[in-house]
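Trainee: Chains as they are written, first to last, in the UniProt record's numbering: chain P, 1 to 333; chain R, 1 to 333.
Be careful, since some hints might not be right.
No copy is singled out in the list; a pair is fine if it fits within one copy or between any two copies.
[To be verified] Computed cross-link-like contacts, PhoX-like style, restricted to lysine-lysine with a CA-CA straight-line distance of at most 20 Å:
{"no.": "1", "residue 1": "Lys58", "residue 2": "Lys267"}
{"no.": "2", "residue 1": "Lys111", "residue 2": "Lys187"}
{"no.": "3", "residue 1": "Lys144", "residue 2": "Lys311"}
{"no.": "4", "residue 1": "Lys87", "residue 2": "Lys187"}
{"no.": "5", "residue 1": "Lys213", "residue 2": "Lys267"}
Just so you know, these hints were derived from the structure itself, not from any lab. All figures in this text were calculated on a predicted structure; none of them were measured in a lab.
Here's the letter readout for the chains.
2 protein chains.
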Amino acid sequence: MTAVREIRLKSRPNGVPTHDNFELATVDLPAPGPGEVQVKNLWMTVDPYMRGRMNDVKSYVPPFQLGAPLEGGAIGEVTLSNDPSLKPGDLVQSNLGWREGFNAPAASVQKLETAGLPPQAFLGAAGMPGLTAYAGLLRVAALKDGDIVFVSGAAGAVGSMVVQIAKAKGHTVIGSAGGAEKVAFLKEIGCDEVIDYKAEKDLTAALLRAAPKGIDVYFDNVGGEHLEAALAAARPFARFALCGAISMYNATELPPGPRNLVQMVGKQLRMEGFIVSTHWDMMADYHRELGQWVKEGKVTWRETVKEGIEKAPDAFVGLFKGENLGKMLVKLA
Amino acid sequence: MTAVREIRLKSRPNGVPTHDNFELATVDLPAPGPGEVQVKNLWMTVDPYMRGRMNDVKSYVPPFQLGAPLEGGAIGEVTLSNDPSLKPGDLVQSNLGWREGFNAPAASVQKLETAGLPPQAFLGAAGMPGLTAYAGLLRVAALKDGDIVFVSGAAGAVGSMVVQIAKAKGHTVIGSAGGAEKVAFLKEIGCDEVIDYKAEKDLTAALLRAAPKGIDVYFDNVGGEHLEAALAAARPFARFALCGAISMYNATELPPGPRNLVQMVGKQLRMEGFIVSTHWDMMADYHRELGQWVKEGKVTWRETVKEGIEKAPDAFVGLFKGENLGKMLVKLA
């Protein structure tokens with residue numbers, strides 16, 4: 001028997017999540033059953049989309065259950081194996097984060113080949129957030145030569161990959177983020193123009209200054225006022241990839257949408273929401289291109305790391321305060 | 001010299017247009033110059049998009065000039081010709097409506113072959129509004145087998161063609177319009193479910209009742225609350241074709257957008273604005289299909305006709321009061 005700690009959903013957040021919504025519990029793992037492996041988690045991820053699963057509403061993923069451990073991406077190491085496909089020491093990726101370890105059927109975890117990257121990169125730049133950026137830009141927004149790209153939440157896990165992928169492909173990129181540290185980071189990774197939205201009274205005016213010719217692609221991570229600014233700055237036939245609206249995840253009353261949505265008609269704009277799981281088929285292409293970009297020094301990433309399972313609620317709550325530069329991660333071992 | 005009357009823009013409307021914004025003037029047409037024709041207009045159209053051109057703002061078409069005659073689609077008959085390509089008696093289509101007659105280079109008007117349809121149909125079902133419906137459904141909304149279609153402004157020139165084209169292609173169609181006469185008309189042309197939006201307090205609830213399985217395509221002619229209802233009722237991967245938002249054309253302050261726009265992410269919805277002129281290339285296909293549908297009795301249309309150039313402002317203002325069933329036209333001769 002191995003004692004492991006896990007984070008459970010104690011109560012559903014009403015608005016912004018707080019520590020009271022979570023509880024830390026310890027459970028004993030028995031020996032793994034036939035066909036099962038026992039995994040010690042090394043890293044887990046916290047992502048904004050998890051906020052949606054904390055509500056008791058039907059969505060594209062089922063809600064988290066009260067009293068049960070939360071779920072999410074994790075990288076772990078096999079410690080015991082009752083299946084020939086995996087052996088102790090193998091690295092595996094699973095959706096069983098928010099816990100220090102688990103038993104699971106070998107087929108329910110995925111063996112990880114890191115190809116020289118640090119394993120936690122597969123929770124960020126080389127994982128779901130990176131593919132989100134890649135699929136959103138290339139497929140959803142149908143990025144084409146010469147497009148001017150605007151991205152909000154640009155210093156986050158997804159946003160910072162959008163910036164770098166667009167730059168690697170030769171585009172002019174305008175990024176928006178909040179605060180001096182994030183602004184500096186965005187300049188460092190090659191953003192042509194950076195908007196510190198916390199320092200701007202009129203976001204539309206700021207975007208029109210940063211993109212005097214207008215924008216062709218908007219990658220939306222935040223919703224709200226940013227979307228209104230992007231509509232105002234959009235050139236004819238611009239495409240918007242809507243990835244999530246972190247400004248709304250904690251809203252208890254839905255705020256009104258952009259007042260200038262009608263511009264979509266005259267400018268013939270396209271707006272499309274997407275979920276990364278629809279685009280898993282692009283992962284091999286993405287990894288091939290990413291490997292090349294990393295080798296050429298065109299793409300890099302940052303991590304904001306909290307240590308210990310007990311810090312996982314901190315890490316999650318911090319996402320909504322903008323505490324992360326790049327990927328927010330929790331190191332578990 | 002021939003005296004003809006024309007309607008000029010006297011002042012720019014602030015909000016809903018009134019008769020004070022227009023003036024009737026009489027001008028003398030000289031004999032047509034070399035390469036020119038003289039045309040007597042028989043029919044002219046009034047369309048909601050003209051409201052936008054009455055504002056002094058840059059848009060996809062330049063604004064109308066104060067003191068000059070307005071412009072818009074017209075069908076006329078050549079009375080004098082100084083060009084071998086046209087002869088007296090030929091029917092021509094032009095953008096020189098809002099006047100009883102004009103001189104113009106022969107190349108600037110288009111000879112009309114009616115193929116057995118009444119000539120004014122080319123201002124409606126067989127013209128720009130019909131192609132708007134066809135291109136919006138087939139190309140912009142990418143209509144596919146089994147889609148459930150919702151259309152607002154369904155009794156109008158564009159909307160009533162959307163209903164019938166979708167029905168001719170075998171779809172379930174929900175239409176929204178205001179008032180008993182329009183509701184009866186929509187049932188007559190085969191709408192499966194009709195929403196009288198003027199009689200409904202909660203449009204979203206009404207749409208969910210009319211489309212319990214949800215909708216796959218929304219053809220938006222009105223914007224505002226209808227768009228919010230469509231987002232709520234949308235099934236995953238639904239596509240919205242935004243054709244115009246008559247509810248906003250006269251707005252002096254832009255109203256907020258839909259509060260539930262964030263649903264676009266989780267449901268992976270697509271929303272695309274369009275202008276019919278981008279899709280002229282589909283006209284031949286449309287005329288071929290339309291001819292077949294008319295022959296089979298699957299498509300018909302209604303006209304609301306005002307008589308005399310002096311009634312053109314009435315006709316135009318009436319569009320925003322919902323006075324038209326089908327295409328609003330002015331008969332000039």
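Trainee: None of the hints should be skipped; say for each whether it holds.
Mentor: The hints, checked one at a time:
| no. | hint | verdict |
| --- | --- | --- |
| 1 | Lys58 - Lys267 | between (34 Å within a copy, 11 Å between copies) |
| 2 | Lys111 - Lys187 | neither (36 Å within a copy, 59 Å between copies) |
| 3 | Lys144 - Lys311 | neither (42 Å within a copy, 49 Å between copies) |
| 4 | Lys87 - Lys187 | neither (44 Å within a copy, 67 Å between copies) |
| 5 | Lys213 - Lys267 | within (14 Å within a copy, 32 Å between copies) |
This entry does not satisfy hints 2, 3 and 4, going by the numbered hints stated previously.
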